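Work out the full structure: start from the sequences and follow the hints.
Number of protein chains: 2
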Amino acid sequence: MSLILKNVRPMAGAATDVKIENGKIAGFGQNLTGDTTEDGKGAILLPGLVEAHTHLDKTLLGMPWYKNEVGPRLIDKIDNEREMKSVLGIDSRRQSARQIVQSVSKGSTHIRSHVDVDTVHGLKGVEGVLASRDEYADIVTMDFVAFPQSGMLGRPGTVELMEEALKMGVECVGGIDPSSIERDPRLHIDTVFALADRYGKMVDIHLHEPAELGAFSMELIIERTAALGMKGKVTVSHAFCLGLSDDAYVGRMIEGLAENDIAIVTTGPAGRPCPPVKRLRDAGVTVAAGTDGMRDTWGPYGNADMLERAMLVGLRNNFRRDDELDIAMEVVTYGGAKLMMLDGYGLKVGDKADLVVVAGETIAEAIVNRAPRALVFKHGKVVARDGACLKAAP
Amino acid sequence: MSLILKNVRPMAGAATDVKIENGKIAGFGQNLTGDTTEDGKGAILLPGLVEAHTHLDKTLLGMPWYKNEVGPRLIDKIDNEREMKSVLGIDSRRQSARQIVQSVSKGSTHIRSHVDVDTVHGLKGVEGVLASRDEYADIVTMDFVAFPQSGMLGRPGTVELMEEALKMGVECVGGIDPSSIERDPRLHIDTVFALADRYGKMVDIHLHEPAELGAFSMELIIERTAALGMKGKVTVSHAFCLGLSDDAYVGRMIEGLAENDIAIVTTGPAGRPCPPVKRLRDAGVTVAAGTDGMRDTWGPYGNADMLERAMLVGLRNNFRRDDELDIAMEVVTYGGAKLMMLDGYGLKVGDKADLVVVAGETIAEAIVNRAPRALVFKHGKVVARDGACLKAAP
Numbered sequence: 001m002s003l004i005l006k007n008v009r010p011m012a013g014a015a016t017d018v019k020i021e022n023g024k025i026a027g028f029g030q031n032l033t034g035d036t037t038e039d040g041k042g043a044i045l046l047p048g049l050v051e052a053h054t055h056l057d058k059t060l061l062g063m064p065w066y067k068n069e070v071g072p073r074l075i076d077k078i079d080n081e082r083e084m085k086s087v088l089g090i091d092s093r094r095q096s097a098r099q100i101v102q103s104v105s106k107g108s109t110h111i112r113s114h115v116d117v118d119t120v121h122g123l124k125g126v127e128g129v130l131a132s133r134d135e136y137a138d139i140v141t142m143d144f145v146a147f148p149q150s151g152m153l154g155r156p157g158t159v160e161l162m163e164e165a166l167k168m169g170v171e172c173v174g175g176i177d178p179s180s181i182e183r184d185p186r187l188h189i190d191t192v193f194a195l196a197d198r199y200g201k202m203v204d205i206h207l208h209e210p211a212e213l214g215a216f217s218m219e220l221i222i223e224r225t226a227a228l229g230m231k232g233k234v235t236v237s238h239a240f241c242l243g244l245s246d247d248a249y250v251g252r253m254i255e256g257l258a259e260n261d262i263a264i265v266t267t268g269p270a271g272r273p274c275p276p277v278k279r280l281r282d283a284g285v286t287v288a289a290g291t292d293g294m295r296d297t298w299g300p301y302g303n304a305d306m307l308e309r310a311m312l313v314g315l316r317n318n319f320r321r322d323d324e325l326d327i328a329m330e331v332v333t334y335g336g337a338k339l340m341m342l343d344g345y346g347l348k349v350g351d352k353a354d355l356v357v358v359a360g361e362t363i364a365e366a367i368v369n370r371a372p373r374a375l376v377f378k379h380g381k382v383v384a385r386d387g388a389c390l391k392a393a394p
Numbered sequence: 001m002s003l004i005l006k007n008v009r010p011m012a013g014a015a016t017d018v019k020i021e022n023g024k025i026a027g028f029g030q031n032l033t034g035d036t037t038e039d040g041k042g043a044i045l046l047p048g049l050v051e052a053h054t055h056l057d058k059t060l061l062g063m064p065w066y067k068n069e070v071g072p073r074l075i076d077k078i079d080n081e082r083e084m085k086s087v088l089g090i091d092s093r094r095q096s097a098r099q100i101v102q103s104v105s106k107g108s109t110h111i112r113s114h115v116d117v118d119t120v121h122g123l124k125g126v127e128g129v130l131a132s133r134d135e136y137a138d139i140v141t142m143d144f145v146a147f148p149q150s151g152m153l154g155r156p157g158t159v160e161l162m163e164e165a166l167k168m169g170v171e172c173v174g175g176i177d178p179s180s181i182e183r184d185p186r187l188h189i190d191t192v193f194a195l196a197d198r199y200g201k202m203v204d205i206h207l208h209e210p211a212e213l214g215a216f217s218m219e220l221i222i223e224r225t226a227a228l229g230m231k232g233k234v235t236v237s238h239a240f241c242l243g244l245s246d247d248a249y250v251g252r253m254i255e256g257l258a259e260n261d262i263a264i265v266t267t268g269p270a271g272r273p274c275p276p277v278k279r280l281r282d283a284g285v286t287v288a289a290g291t292d293g294m295r296d297t298w299g300p301y302g303n304a305d306m307l308e309r310a311m312l313v314g315l316r317n318n319f320r321r322d323d324e325l326d327i328a329m330e331v332v333t334y335g336g337a338k339l340m341m342l343d344g345y346g347l348k349v350g351d352k353a354d355l356v357v358v359a360g361e362t363i364a365e366a367i368v369n370r371a372p373r374a375l376v377f378k379h380g381k382v383v384a385r386d387g388a389c390l391k392a393a394p
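As you go down the protein sequences, you meet chains A and B in turn. Under the UniProt record's numbering, residues 1 to 394 are what the first sequence spells out, in order. Under the UniProt record's numbering, residues 1 to 394 are what the second sequence spells out, in order.
No wet-lab data here; the hints were simulated from the structure. Incorrect hints may appear among the rest.
Copies of one chain are not kept apart here, so a pair can be met inside one copy or by any two copies together.
[As the list claims (entries may be wrong)] Cross-link-like lysine to aspartate or glutamate pairs, in silico, DMTMM-like; alpha carbons within 25 Å at most:
1) LYS201 - GLU223
2) LYS231 - ASP143
3) LYS391 - GLU255
4) LYS24 - ASP39
5) LYS77 - GLU324
6) LYS67 - ASP323
Predicted model only: the values in this text are computed from it and were never measured.
Below you can see the structure in the form of structure tokens.
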């Protein structure tokens, strides 16, 4: 079976037809022949969007509105969520399925999700997302991070659960603020990296610690990555410390990230210092973006639209020029693909036909208008059309 | 003619019907009788959204995509825009009409727009928006600010043009960074307030100056407001200086704003320090929000959706709780109404029937979901339905 996607403009360039065969891009041009056709109507063709940081197991999507009255501290939110999982019945399998369907409807073809692992709920979160991965393998590619949301060192048994999650097929070892939550930065970082090294996994650490405190954690992460030769396999999410006002210190961190091919994931947070995307990219650091938690007990925002995320990253980084908006688009496509170590991602002949078609004259316009995705392809097949996913959510 | 709007939930409260007669809210309850009905389908009823800071005369909406390659300095953007107005043919009447129609489709029933006044384009901008005000008076209420975008003191003739604009019916005297652009803070502020005093107009000053520099300008504004007894008639837009890290200094400014009933307008800017909305409101200061420039030569963002603006204000202020999102909604409704000195604004019997109906369970959900506006009423009549304005744009 082959399909001709007619009249699309790859990366907002010149119009062409695209031949899709065996789940791959088989060619570009006019007068291509195939078994079926789809009309791109002159819209922009992008590689599938990459959601590089979310929490599929904890969204409240499709559940009754949760009235947020949670206290101001981080620990208030963590404790509240652990409790609400039982009280509200936040089922990881059902909820992850709902968010997957919404993500695909918005053009994401790849998702990295953190999944809570703790001594109260054990591996239920992991089991749920693994089941959803199987069920939705035809419409999205995912990898997972075993995430010690409630802390690891202070809750005996957590490390063992994380180890179990890795054996079950989770791809990455997660970590959380080594000092401000874990109270023992050296031991936390060593434990995370030891797990990754033993099981041959990637690392993706939530680092919210601000300024010099976060920068110290970042140094430890860079040192361990270098010592274990884990170049290209480590990601730091949030990394607010890269928004430090000490320009020279930020420069030294960026150098360490570039040398060790450590990726940064940002949400483009409006209310906090955050990684300078253009500077990181100019230094050769991989930058990706994510929705983070979406409509959960932490907060009500988010719709899993990675074009909206590109807008938020753009607003946060004061991107106004078209060439700057191109960077925001790169972050929600190639940046995420690099971090997830995806093979055959892109718009070249032979690349996997994971694609999005969206109306717009330019890349910048696609980001600022965010038209409903006309077509989304996964494994060469149409999986969403006119903003709606063709596969149902529970 | 009377209309019964059935089954809506004012401010996301209990469901009721609403009688609308003679352009006003005539009553709430069941079993109301009227000439026609509209079905609210259980959606939320809000007073019309208030766009409190935009630039109707300079949007590129509906024009070919403008490739932004503008330089990084403020003066680059100002000079470029003045030139592009001629090169691209940015017609104030046509462009303001386009944005008005989009605003109304998103539920705005009131707009304050700044309008450029300078020695190159003279009063063309003002003439255009005044014509649009007449043409669209049936769907939106507007007031205008004569805005010296290119500077006032350094360009002889500008003050006279602003004076002319006020005589033509513009409601507010605008100002711009008194030190960083005008180079003479005392003279700039004195000139702005003298014009307002002489013609009995309001004041709305663009104040981008950061930190202590902006705080000094803010002090001058507070002093002049007090000296001239202009309580309730002065607005400071952007006011990044209120995001100063010197907590006590910010507190003194806020006290001055509250005492003199000076309003603050914010866009919820992601990339800059900005006014702390909750703190201002707790101190009794009126806070409103605006889109600012929308798809213009300054930048590509913006869609005139004041619910999206509420989201951005919420994200910027780290509003997560439902009671915090209520504040964000207040900012895009009652805050703007107060600043524009609107009479009869609200959801009480006797208030003007300028209303929005939008799907959602709670106020917070209305903001984070931003469903297409089901119905928008102006002067008691439906002016937009299912996200589309019933009056055409040029």
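Which numbered hints turn out to be false for this structure? Structure breaks hint 3 only.
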